[in-house]
Amino acid sequence: MTLPPPAVERRDHAIGALLCVLYVALLLLTASDLGLARDESMYVHAAESYAGWFERLFADPGAALTQPVIDHHYRVNHEHPALVKTLFAFAYLADRELSLFTRHSLPFRFVGMLSAGLLLWLVHIFGARLYGRRVGLFAALCMALMPRVFYHAHLDAFDLPITLAVTAVGYCYLRALNSLRWSVLTGLCFGLALSTKHNSWILPGIFAIHFAIAVALDRRRARHVGTGAVPRLGARPDWLIAMVLLGPPMLVGSWPWMWHDTLSRLNAYAAFHLHHDYYNIAYFGENHFWPPFPISFPWVMTLYTVPVTTLLLAAVGLTLVIRGRLAALRDPAADHDPKQPAVLLLGLLLAPLVLISLPSTPIFGGTKHWFTAYPFLAILAGLGFDRLLEVVGAWLGERSARWRRALPALIGSWLLLPAAVETAHSHPFGLSHYGFAAGFVPGSADRGMNRQFWGFTTGSLAPFLYETLPQGGRVYVCDMTHAAFRQLAHDGLLPDNIVPTADLARADLALVHHEHHFAEVDYQIWTSFGSSQPLKVLSYDGVPIISVYANPASGAVSGLKGP
Amino acid sequence: MSGLASKLPWLALLVFAGVEVTSHAVTRARVASDSDFEAAARSLRAELKPRDLITSAPDWTDPRLRLVLGDAIDLAMAGRSDDAAYERMWSLSIRGARPAGAPATAPELSRRFGGVTLERWSLGPSTVQTDLVAELWSAKVEQLQAGGPQDCRQAQHPAARGGGLGRAVVPPQRRFQCPKQREQAWVGPVVLEDLELSPRHCVHHRPLPGAPLRVQYPAQELGERLALYGGLYYEDERMGQGADVELRVALDGQPLATLKHRDGDGWKRMMVETGGRRGALSFEVHSRQQQRRTFCWAASIRRGEERGP
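If you're matching them up, the sequences are chains F and B in order. So for the first sequence, my numbering puts the first residue at 1; every next one is plus one. So for the second sequence, my numbering puts the first residue at 564; every next one is plus one.
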């Protein structure tokens with residue numbers, strides 16, 4: 001007999017909701033430690049522009065819907081769909097009217113934080129529905145306690161929203177295999193995913209492969225069981241019909257930029273991402289800037305940045321599901337879940353990693369581009385944890401009865417401890433953090449790994465800048481955008497008389513974010529200032545993150561270090 | 564499988580969580596503090612001599628080294644092509660690392676300051692008689708043109724604007740500025756990012772087809788050898804698509820040597836025997852391509868036995 005899938009009860013949603021609320025609260029409490037990252041500053045700009053369009057829409061709908069007005073407001077950052085930035089805009093407008101947040105950047109960031117919280121909820125429900133509550137809860141905690149995920153969860157960016165959207169589409173699709181209602185929901189969620197980020201483009205392909213396998217195995221079983229057995233899965237892909245019918249219209253509908261010149265703009269959008277620029281990325285001491293990129297990159301970076309205990313548990317979970325599938329293949333008549341959820345898990349886990357492994361895929365953005373794989377990695381880790389609990393319970397035998405309630409919490413806490421400690425310590429240097437396999441942060445520097453990107457670590461220097469430029473001054477901000485730097489003042493972390501400049505000669509202080517290719521800027525400063533001596537080096541576990549140089553021609557720098 | 568053997572992988576998994584947490588704590592506890600670097604720097608300063616080289620290991624600690632000893636590390640040291648100008652090597656190292664270029668022998672001095680180890684090696688007598696980058700201001704710079712050479716005047720200029728990725732080098736305030744093609748037609752000491760992203764203290768001297776620049780030094784004793792180094796800015800060289808660049812060296816107007824640089828060569832070295840002669844050295848840089856050929860060279864007159872690159 002097929003085991004019925006574990007029931008998801010109200011209690012599971014209560015657990016998910018609690019995880020969501022606690023995680024969002026934690027993110028809100030720690031957000032001010034992080035300076036705005038490059039891309040965030042662009043999305044803030046876009047969201048403010050979109051907010052302007054909505055105000056115009058309410059004031060004068062006829063004018064707002066004309067192409068010149070739409071283009072004026074939506075030209076900014078038109079290489080990404082509008083949905084998430086629209087949510088940023090709504091949060092910004094709500095904050096402006098209701099003063100909901102304590103800092104200017106928080107309404108923009110809140111959408112990403114909420115996505116991260118909802119993702120934990122969904123991972124719990126997904127895991128619980130497939131393998132039980134224990135698996136779901138442990139998986140959600142594993143997801144929360146990945147240092148890089150914790151960093152990105154703070155940001156007004158698309159990476160957590162798209163991870164949430166892809167996971168939601170996967171969840172709906174699995175339920176859609178025997179439900180028309182869930183097929184419609186799959187289409188709707190796919191529309192949201194398409195409107196969030198282009199990572200979603202690969203979903204129909206993953207589902208199609210899974211569907212073919214699931215239907216074929218189901219048909220095979222029916223043949224082997226014999227007379228009277230009928231396939232349990234329908235061969236008509238209602239989910240695909242819904243995705244095709246609902247997805248693209250939702251993308252275009254949520255994105256006013258596409259309302260005029262639709263085809264040419266859709267083409268331009270696709271072309272931008274299919275022929276993306278290449279950026280610099282340091283990997284094992286080499287600065288990669290042009291294809292072919294190393295195939296090993298996403299695999300090694302996952303190994304180096306996800307807590308290894310979590311990865312080992314996921315390896316146990318992976319072994320269990322592969323072993324289970326192989327056993328099912330050997331016995332075609334065996335009863336099993338016709339939806340083949342393990343196959344889907346593997347597809348959703350591996351596809352993003354394989355895609356980034358292609359030598360022609362531009363590599364930038366560290367690990368965030370395959371975050372969509374991590375919920376499924378976390379569910380496998382939950383499965384590994386569950387199996388470990390069973391084994392330990394069997395060892396304890398009769399004695400385990402006394403421990404039955406405490407054992408999951410004790411062992412779960414123990415296994416999550418490395419992830420919790422590393423995530424706590426990674427803040428506010430999330431992109432500089434590396435784990436056990438890399439030899440932690442100093443080990444990653446020995447290996448010549450990328451140390452950061454986007455210039456957000458400048459936020460950690462705010463108190464120093466404030467002290468060093470008591471009368472204000474100009475700061476050459478290197479990899480940070482000027483808008484992101486000015487946000488430090490908007491957020492009350494710097495006075496507004498400390499301003500960014502792109503000009504080394506006019507700068508009172510010059511920053512260098514230590515990434516391999518920024519060595520050029522370091523040397524330009526040495527030449528300009530006539531000295532290689534920094535005034536300060538911001539370090540993380542002893543590894544230089546930012547060097548700050550004082551311009552000898554400046555009179556604004558307080559406490560200038562003499563020879 | 565026996566009972567214990569079947570339990571081992573699961574036990575190992577449980578134990579591993581403890582190993583991961585503990586090794587994280589140990590790694591953090593072993594991080595060398597700023598005060599460790601400062602203490603090591605104080606000890607070094609007390610014994611610092613001219614021709615001492617100061618370095619650190621692993622190389623990523625370099626900003627922390629320059630924070631505490633940057634005033635003793637001039638641009639020539641920070642952007643050195645080799646160690647020939649130095650007679651002793653000091654190193655501030657962490658985690659047992661050994662500085663690049665350290666002799667294979669044990670250090671003659673070794674002291675611990677918390678997480679930092681201060682070490683010193685003797686390198687032997689310096690072979691550098693004259694550093695021609697340091698002596699650049701004694702040279703005359705001209706732009707060669709159809710109507711005859713034009714003088715490029717040495718002067719203090721307003722600080723150059725800008726900076727950032729793709730800018731290659733920022734012109735130093737003190738430089739030789741030539742009258743034509745002013746943006747590129749200047750000669751001066753800079754620190755260039757080479758193909759390995761390493762700093763190179765060198766003379767910025769671009770090829771300008773049709774109007775090349777010539778750097779001419781006064782007559783001097785030429786020692787036994789002339790050490791030549793040359794290379795291009797990282798972004799100009801990394802695609803491997805640019806035209807070759809030649810650094811042509813003449814002695815009293817007669818060709819002495821040509822360092823031919825091809826994209827991919829990186830910071831290229833060449834030794835030229837000069838046989839103890841006396842004369843005036845001049846340097847010209849040629850290429851059929853002008854754009855994306857940010858070339859820089861370093862040279863020194865040497866005597867005595869070479870210690871190797």
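FYI, nobody ran anything at the bench for these hints, they're computed from the structure. Computed from a prediction, not measured in an experiment: that's the story for all the values here. Worth double-checking, as some hints may not be accurate.
Claimed, not checked - Ranges between beta-carbon positions, derived for each pair:
#1 B:743 to F:274: 42 to 52 Å
#2 F:284 to B:573: 50 to 60 Å
#3 F:284 to B:817: 44 to 54 Å
#4 B:611 to F:104: 33 to 43 Å
#5 B:773 to F:38: 37 to 47 Å
#6 F:272 to B:622: 35 to 45 Å
#7 F:235 to B:728: 49 to 59 Å
#8 F:359 to B:728: 23 to 33 Å
#9 B:855 to F:216: 38 to 48 Å
#10 F:38 to B:668: 43 to 53 Å
#11 B:581 to F:271: 44 to 54 Å
Claimed, not checked - Computed footprint of chain B on chain F; a stretch qualifies when at least three of its residues, placed anywhere within it, have a C-beta under 8 Å from a C-beta of chain B:
#12 97-106
#13 408-420
#14 542-555
Where is the CB? At the ideal position from N, CA and C, for every residue including glycine.
Status of each hint after checking the structure:
1. B:743 to F:274: 42 to 52 Å: Between residue 743 of chain B and residue 274 of chain F, where Cβ atoms are some 45 Å apart, the hint holds.
2. F:284 to B:573: 50 to 60 Å: Given a distance of about 33 Å, which is not inside 50 to 60 Å, the answer is violated.
3. F:284 to B:817: 44 to 54 Å: holds, 48 Å
4. B:611 to F:104: 33 to 43 Å: violated, 50 Å
5. B:773 to F:38: 37 to 47 Å: holds, 41 Å
6. F:272 to B:622: 35 to 45 Å: Holds, at about 38 Å.
7. F:235 to B:728: 49 to 59 Å: With Cβ atoms ~55 Å apart, the hint holds.
8. F:359 to B:728: 23 to 33 Å: holds, 24 Å
9. B:855 to F:216: 38 to 48 Å: Given a distance of about 56 Å, which is not inside 38 to 48 Å, the answer is violated.
10. F:38 to B:668: 43 to 53 Å: Since residue 38 of chain F and residue 668 of chain B have Cβ atoms about 48 Å apart, the given range 43 to 53 Å holds.
11. B:581 to F:271: 44 to 54 Å: holds, 51 Å
12. 97-106: With 0 residues close enough to chain B, the hint is violated.
13. 408-420: holds (count 5)
14. 542-555: holds (count 5)
The structure does not agree with the numbered hints 2, 4, 9, 12 stated previously, though it agrees with the rest.
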